[in-house]
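Protein chains: 2
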Amino acid sequence: MTAPTTTYVEPKAPRGTRDFDPDDMRVREWVISVASSVYRRHGAVQIETPTFELTSVLTGKYGEEGQGLIYNIERKVEGHEELSLRYDLTVPFARYIAQRGITTMKRYQIGRVYRRDEVSVKHGRYREFYQCDFDYAGPTDRMVADAECVAVMSELLRALGVGRFRIKVNHRGLLDAMLRVAGVKPENFRTVSSSIDKLDKLPWAAVREEIVMTKGAASEEAADAIGRFATVHGAPADVIAAAGAFAAGDDGGAAALRDLELLAKYCGLLGCAGDVEYDLSLARGLDYYTGAVFEAVLLDEEMGSIAGGGRYDDMLGMFSRGGASIPAVGFALGIERVFDIVAKKPSATKPRIDVAVIAATPGCTEYRMRVCSELWGAKVSTEMCYSDKPRLKAHLAEAAKEGARLAAIVGADEVAKETVTLKDLTTGASQEVQLAALWSTVLAVLAVK
Amino acid sequence: MTAPTTTYVEPKAPRGTRDFDPDDMRVREWVISVASSVYRRHGAVQIETPTFELTSVLTGKYGEEGQGLIYNIERKVEGHEELSLRYDLTVPFARYIAQRGITTMKRYQIGRVYRRDEVSVKHGRYREFYQCDFDYAGPTDRMVADAECVAVMSELLRALGVGRFRIKVNHRGLLDAMLRVAGVKPENFRTVSSSIDKLDKLPWAAVREEIVMTKGAASEEAADAIGRFATVHGAPADVIAAAGAFAAGDDGGAAALRDLELLAKYCGLLGCAGDVEYDLSLARGLDYYTGAVFEAVLLDEEMGSIAGGGRYDDMLGMFSRGGASIPAVGFALGIERVFDIVAKKPSATKPRIDVAVIAATPGCTEYRMRVCSELWGAKVSTEMCYSDKPRLKAHLAEAAKEGARLAAIVGADEVAKETVTLKDLTTGASQEVQLAALWSTVLAVLAVK
Numbered sequence: 001m002t003a004p005t006t007t008y009v010e011p012k013a014p015r016g017t018r019d020f021d022p023d024d025m026r027v028r029e030w031v032i033s034v035a036s037s038v039y040r041r042h043g044a045v046q047i048e049t050p051t052f053e054l055t056s057v058l059t060g061k062y063g064e065e066g067q068g069l070i071y072n073i074e075r076k077v078e079g080h081e082e083l084s085l086r087y088d089l090t091v092p093f094a095r096y097i098a099q100r101g102i103t104t105m106k107r108y109q110i111g112r113v114y115r116r117d118e119v120s121v122k123h124g125r126y127r128e129f130y131q132c133d134f135d136y137a138g139p140t141d142r143m144v145a146d147a148e149c150v151a152v153m154s155e156l157l158r159a160l161g162v163g164r165f166r167i168k169v170n171h172r173g174l175l176d177a178m179l180r181v182a183g184v185k186p187e188n189f190r191t192v193s194s195s196i197d198k199l200d201k202l203p204w205a206a207v208r209e210e211i212v213m214t215k216g217a218a219s220e221e222a223a224d225a226i227g228r229f230a231t232v233h234g235a236p237a238d239v240i241a242a243a244g245a246f247a248a249g250d251d252g253g254a255a256a257l258r259d260l261e262l263l264a265k266y267c268g269l270l271g272c273a274g275d276v277e278y279d280l281s282l283a284r285g286l287d288y289y290t291g292a293v294f295e296a297v298l299l300d301e302e303m304g305s306i307a308g309g310g311r312y313d314d315m316l317g318m319f320s321r322g323g324a325s326i327p328a329v330g331f332a333l334g335i336e337r338v339f340d341i342v343a344k345k346p347s348a349t350k351p352r353i354d355v356a357v358i359a360a361t362p363g364c365t366e367y368r369m370r371v372c373s374e375l376w377g378a379k380v381s382t383e384m385c386y387s388d389k390p391r392l393k394a395h396l397a398e399a400a401k402e403g404a405r406l407a408a409i410v411g412a413d414e415v416a417k418e419t420v421t422l423k424d425l426t427t428g429a430s431q432e433v434q435l436a437a438l439w440s441t442v443l444a445v446l447a448v449k
Numbered sequence: 001m002t003a004p005t006t007t008y009v010e011p012k013a014p015r016g017t018r019d020f021d022p023d024d025m026r027v028r029e030w031v032i033s034v035a036s037s038v039y040r041r042h043g044a045v046q047i048e049t050p051t052f053e054l055t056s057v058l059t060g061k062y063g064e065e066g067q068g069l070i071y072n073i074e075r076k077v078e079g080h081e082e083l084s085l086r087y088d089l090t091v092p093f094a095r096y097i098a099q100r101g102i103t104t105m106k107r108y109q110i111g112r113v114y115r116r117d118e119v120s121v122k123h124g125r126y127r128e129f130y131q132c133d134f135d136y137a138g139p140t141d142r143m144v145a146d147a148e149c150v151a152v153m154s155e156l157l158r159a160l161g162v163g164r165f166r167i168k169v170n171h172r173g174l175l176d177a178m179l180r181v182a183g184v185k186p187e188n189f190r191t192v193s194s195s196i197d198k199l200d201k202l203p204w205a206a207v208r209e210e211i212v213m214t215k216g217a218a219s220e221e222a223a224d225a226i227g228r229f230a231t232v233h234g235a236p237a238d239v240i241a242a243a244g245a246f247a248a249g250d251d252g253g254a255a256a257l258r259d260l261e262l263l264a265k266y267c268g269l270l271g272c273a274g275d276v277e278y279d280l281s282l283a284r285g286l287d288y289y290t291g292a293v294f295e296a297v298l299l300d301e302e303m304g305s306i307a308g309g310g311r312y313d314d315m316l317g318m319f320s321r322g323g324a325s326i327p328a329v330g331f332a333l334g335i336e337r338v339f340d341i342v343a344k345k346p347s348a349t350k351p352r353i354d355v356a357v358i359a360a361t362p363g364c365t366e367y368r369m370r371v372c373s374e375l376w377g378a379k380v381s382t383e384m385c386y387s388d389k390p391r392l393k394a395h396l397a398e399a400a401k402e403g404a405r406l407a408a409i410v411g412a413d414e415v416a417k418e419t420v421t422l423k424d425l426t427t428g429a430s431q432e433v434q435l436a437a438l439w440s441t442v443l444a445v446l447a448v449k
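Chains as they are written, first to last, in the working numbering: chain H, 1 to 449; chain G, 1 to 449.
Only chain H is shown next, with the shape it has when bound in the complex (with noise of 0.2 angstroms):
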């Protein structure tokens, strides 16, 4: 025999990680399937994508931020394949389409991603998490598709009982368009744009710092005009009008007003209006949005946004070889805090066995598989105990309270007589049963709860 290598290895996870338990996969798999169906029930198609894609394919997709905290893959051997974890499922659907040629797809995804950021636990920020996403691929008329994300990020939330939200709403064209009446220069729209998203959690003050001190982004004046629009946040025509007043003159600021009106009279329709509050500061993180952008966050939870999304008109067109652009519209699920969330309800969960097999005396472990064989082909969900011993009482307890219905309890006596004792863990009665007619009985005993 070879010696078994003894070197000590410390058993932890990558920081930033994280383990699910059996009872975090039971809330997992309830997130899921609810998320699933919600996604269906508007029309979605599930598709699948690598964990890691071309580094080429993510490159420039997600801001100057973003870019620093994809994950590469070393390469082993110059002239390989570079590749990079995926940073969203967003990227790789684009290139999942364009790839097949689609035009037009309403896809749902639930998978991981993975960002190098920093990890915060407590506001629920890991650099490996899961996201699910409901996007829409291919044409729409004005605001139609981009109602029905906001209905369905409205409709998933509350399927998934996260407590009060509200979904901010802004566009960016509107935000691009008070940029450049304020008069900052394009180059600068998307660094500025990111300190403005950051008014959720800092004052106005030193957000006007970043921009013109820290990033020069802007010129004094140009900051304080961007002061009296990027505060302003309410009822939807109100931030209209605020909006108006400013940036109606600039044609991509009246074609993203028009936008915003549509939009806000769709969600009246669609059930989702009063989820909705239009924030002149939200911008979202990522650099291929071009329209409406949308964010959801928890009024009672002390984490940021649970759901984000928007328009992206051209990076579709990216992947295409004609530069032929394809528009889309979706939005993230932060699934992860969705998680954390349900896990502190109380929950009624299913028992782990129906039936424990346990040995009253020695010597029935060949007897105890027999009658464990019975019961998985009648796909009884049946455990026996790998020792000899018998640890009747203490077994019999532990069945109890994972919630078992069933002992079904082998001693000498049944052995010789090809017999069960079949007890009841709810009502305590027991009965002995013919090993030939077990697997009736108990399905029987199953069926009424």
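Careful: at least some of the hints might be erroneous.
Same chains, same label: a pair holds when it works inside one copy or across any pair of copies.
[As the list claims (entries may be wrong)] 20 angstroms max Cα-Cα, derived EDC-like pairs, lysine to aspartate or glutamate:
1) Lys417 x Glu432
2) Lys265 x Asp388
3) Lys106 x Asp388
4) Lys12 x Glu81
5) Lys106 x Glu398
6) Lys401 x Asp21
7) Lys423 x Asp314
8) Lys423 x Asp23
9) Lys344 x Glu302
10) Lys423 x Glu10
11) Lys122 x Asp250
12) Lys265 x Asp141
Keep in mind the hints are simulated off the structure, nothing from the lab.
Since the structure of chain H is provided, determine the placement of chain G on it from the hints.
For chain G alone, coordinates are given in the frame of chain H:
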């Protein structure tokens, strides 16, 4: 507006990876649900671990060949954690239970693993693929848990309907004993085993040449001795007899033979003996196996093994500071190959939507939104076209082709009367329904198959 990036990026997935399209996903979900229910029937609970682990956790577990196939992640900052993509789900499971001080656990886990291997789509060999594992860590009477693993493997392959299969079984202790008797040096046991393991694909002469000439791992005489046992396979009793003649005088060999006798008997009691064949060439590639090893092969498909596993009693101790060992046994289903097999079979699929909301005249987008909102509120799977331009005939044909049960047709008339023309796409019958009564009418129609 900033100029949109126009750089063309070729949309393709990395070599050795695959996208799952909606049809693939239906197959995948079905396969995963079948595997989950078989595992749960045996009392297993589900866990999930991160996609990457600390490199130190994976090092030295996968043999000479495996080690080179591990994907490492680039460190951007010296001193940060070294990370690698998981190679299987077994080592992460070991790390998981050691980290928590768990001493007994029957768990299943389904997730992707990564190997920088040669790609062969024909043989279902990818660089990223799903595994679907069942393992038991903890004390067990000899071979009791091992036998359940073989039984679960058999039950699972039957439930998945993968066609005729055979589960090949061997024992690392027996293999080592035979190599010892043959005169191979202990430090060459693993590399010689890994050559012997290729006997399912290569003739003995080629394997012999690899051992003696390429690897220089055994003398001519030792190789001849190996040749006398390595090609033996068949019914357990026959194989045990043949191996006994060779290695019964070796202590480790004798113990392994007793294990294999027990295992054969237990497989009989658990009803899977007919699926089992003993095979003295089976080694399995991984370094961590210490006892019985098993591998399922399909008899009617030209692919390698579809499931494999074994006992690994020392690995979990590597993560324990005191070196306390936790015995363990389990297997992985090569679920990716199952996807391919199941995908070839016809299956009944649920339609994507139940109701298509279709425009008969322009100008009814807002009313169609109200119709959708009513149906989504009643949890009916519904979709409307995003364009105001009516294409009644084409949309009806499309909805019928996709299997939608109903079309909710809306034109100027319906808008004026607040009604919907509800057309049953199976019978062709139409009725006019008040908007307020729509959802209940639709639920009643859908309830009838």
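Hint by hint, here is what the structure shows:
no. : hint            : verdict
1   : Lys417 x Glu432 : within (10 angstroms within a copy, 68 angstroms between copies)
2   : Lys265 x Asp388 : between (71 angstroms within a copy, 16 angstroms between copies)
3   : Lys106 x Asp388 : between (56 angstroms within a copy, 18 angstroms between copies)
4   : Lys12 x Glu81   : between (30 angstroms within a copy, 11 angstroms between copies)
5   : Lys106 x Glu398 : between (48 angstroms within a copy, 15 angstroms between copies)
6   : Lys401 x Asp21  : within (19 angstroms within a copy, 43 angstroms between copies)
7   : Lys423 x Asp314 : neither (66 angstroms within a copy, 38 angstroms between copies)
8   : Lys423 x Asp23  : neither (27 angstroms within a copy, 45 angstroms between copies)
9   : Lys344 x Glu302 : within (15 angstroms within a copy, 49 angstroms between copies)
10  : Lys423 x Glu10  : neither (44 angstroms within a copy, 65 angstroms between copies)
11  : Lys122 x Asp250 : neither (42 angstroms within a copy, 58 angstroms between copies)
12  : Lys265 x Asp141 : within (14 angstroms within a copy, 69 angstroms between copies)
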